[in-house]
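Enquirer: Sequence:
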Amino acid sequence: MFLCLMVTTMFLSTALHIVANILTQLTSYEIIDEPCFRTKRWTHNSYTTREISFPVQNSTWRLILDSIEPQISPNFTVTVFGENGVRNLPIDLHDLVCYTGRIFLMENSSVTALVEETTNKFSARIILEDHIYFIEPLSTYAEYKGNTSMLFYRLKDVNYYSLPNVSFCGSSERSVIRLLQNSAADAIRGMTNRTRRQINLSDKKLCTLTFIADHTFFENVGDRNVPQTTRLIIALFYRLNSLYQSSTFLIDEDMEMSGYGFLLGDIIIHESWTSRLGHYNAPSDVGGKAWTPHALSDAFNRASFNRTCLAHLLTYRPFMGVLGRAWMASSHLGGICSPPVKQGDLMIHTNTGWTTYVDHSGRRLLNAMAELITAHELGHNWGAAHDPDTTECSPPALSRGKYLMYAHSVAGFAENNYKFSPCSRRTIGATLAVRAPLCFVESSQTGYSRCGNRRLDAGEECDTGMGHDNPCCSASCKLRPHARCSPWNHECCTADCQIATASTVCAERRSSNPCLGPGRCDGLSVHCPGPTLLSNVACAEHGQCVRGQCVPHCLRHGLETCICDAAEQSCYICCQFPEADSQSFVCKPVTLLHSDTSFERTVGRYSFVPDHSSPDTPPSTVGGHLPVHKLPNLPITKHVFLHLEDYRPCATGYCMQGKCQLFKQTSILRFQGLYDKPEDQSLENFLRNNLVVLVITLSLLVWIPTAVGIRFSKRNKTNSNHSKTSTAFHVDGMSEPEISKPNGNEDDYRLSNTMDSA
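Mature numbering (1 follows the signal peptide of the UniProt record, and there is no 0) puts the sequence shown at residues -15 to -1, 1 to 743.
Everything labelled a hint here was simulated from the structure, so no lab data went into it. Predicted, not measured: the structure shown is a model, and the values here were computed from it. Yeah, the Cβ is synthetic: ideal placement off N, Cα and C, and Gly gets one too. Check the hints yourself; a few may be wrong.
[What the hints assert, rightly or not] Computed beta-carbon distance windows for the label pairs:
#1 V271 to D51: 45 to 55 Å
#2 E564 to Q642: 39 to 49 Å
#3 L78 to S461: 16 to 26 Å
#4 T104 to R469: 31 to 41 Å
#5 A552 to I695: 36 to 46 Å
#6 P381 to L683: 38 to 48 Å
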């Protein structure tokens, strides 16, 4: 019996350890060892271009990124509350650069990334067609502290069934607050009347956002490290801001509002607990009571945040069924630009909200999920209610899924999960029209500039760093009397601080793009005009350059590129060829005609049509036949296929010399679960979702027979030594076994597959 209980405990401990691992929240992911960084300093307007490449999904993704103007307040501070008092953290934000861009050769892709320039650590959100991907350092999560690898995953692969029954938010409208709305409404109404006429003329589009990290967040998410906590919050801010600024909001059907987002005002970090119970950073509520979502909201509302548009608390407190709460902006009270209201002797602030990074069972949320929750709560602050259950604003999964403000939790599965619905866009637009003029700031007020950061900021003629002995640039970031430029800040500038002569190479030829030649200075400007756009040059996969763009082989002949369905043809270049009736098209591999006299010279780019196809076979039976292309000095006798580039993805792996090879594991670790076959995924999900039940059942199957065996053995031994009846032994010696259950609710272990509404 003791052995059985020990086995049960071991199984339960193992189960809890597995659930605690952050990677168990993903059904599929990849671990990337060493991304490759290339930097091109493109100093026109002080921007930098970066290229980051990494192997993923059986191919190599190349992110082409351009730095953007930091949306950070000039008065930005990081304030740390610790046991020894309050201090401001000196942090060099110039090492944290936000980039936006795309994936090379992938249309409809967009990337938002934050890069630490000194360490090359980065995190990014990548949107490609209808999928959203995340890549971030594994060391972000405590169990992988010190790990230098990167975690790559698709939001669709977040294990929805591993999440507890949660809603994003609960209502923050308390009856006691409703009594105060009339006085607050008067204040807002008076401010609104003075600003309504200026709405159309205002360029105030940024809401100053203050993030507060309590001690639980600092300890569990920030790993008790202030710089790391700061970097995590800044990365969160940039991705949230990208989502909001890329959205368009509606005043009416004919008027759109765009470019609205956030300005990072301050970050407040609590290194230690606040001793006063009832404070939002205290270990417990007043009277030592455990925190509840309502109590935490009330405590946070009592803090003073009247000099910011919004204040958002980041915490790591487990609550049953709730991951965040926020005030929704209304015509009277709450949300963006809300003034404080008085309740007795207290001032209540309703421009607040909070997000917790842990579920009720103590499991850390993925950063992607926490970002969605925070975006949802900030949406309430901007005036968005939960989406109504209509086709327009809550479409089915087949129509790209629910939107960000859906009443039930969304987990990034569908494209719409990262978008505002038409209903939200209308309500937010109406809120912005009234509230934005009250406290939003203009984009001209952004920028964390400083002479000595090696970037050209407003008012600077040059900036070569902190050194004071530069021959071209002074310590005050002004050009010296004899200098016309600075070679650090201007591409077309010589070492003696003069404009470079015409034809001086200022942009190297990019090996990644054969259609772009080296750029050359014009002799008049300090700025490089950019690379030369080439034409009539061969480019990827038998294409041809036209004015700097690689035109695919099929498009050159007025056809569309496609992917052949047959595995043996999936590494050939295929085009959509018209059928005989010219009304329909069929996807077939392209064939050219030439002889085999010098074929060895082109191995890897061409291959013969299979031997059973005669050279006289009509092209339509072999593949799509384009106008005859004679290769140099070769008579036309045979058909050949054109290959895709090596290592391009194909039906069963990757292409190599025109053949689809099975994928072999390299430094990339890909998790697919217990089984690789799709038809086995249901069994995997069953095992994953019923782990504890299975463990207990298996334990009982061992424990019950063992208990019966022990009882039977003792009975036989007693009968041999005593002449007592078996009935007396049963009454005095054994009682029915009791099955011990784990403490707490069964939901603490079981993985739920439903979400409660907010």
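Enquirer: Could you see if the CB distance from V271 to D51 stays within 45 to 55 Å?
Expert: Distance hint for V271, D51 holds at roughly 51 Å.
Enquirer: For the range 16 to 26 Å, tell me whether the beta carbons of L78 and S461 fit it or not.
Expert: holds, 21 Å
Enquirer: Okay, E564 versus Q642 on CB: inside 39 to 49 Å?
Expert: violated, 31 Å
Enquirer: Is it true that the C-beta distance of A552 to I695 lies inside 36 to 46 Å, as the hint says?
Expert: Violated: the Cβ-Cβ distance is about 59 Å, outside 36 to 46 Å.
Enquirer: Given a hint of 31 to 41 Å, does the C-beta separation of T104 and R469 actually sit inside it?
Expert: holds, 36 Å
Enquirer: Between P381 and L683, does the beta-carbon spacing fit 38 to 48 Å?
Expert: The hint (38 to 48 Å, Cβ to Cβ) holds, given that P381 and L683 are roughly 40 Å apart.
Hint compliance for this structure: hints 2, 5 are not met, and every other hint is.
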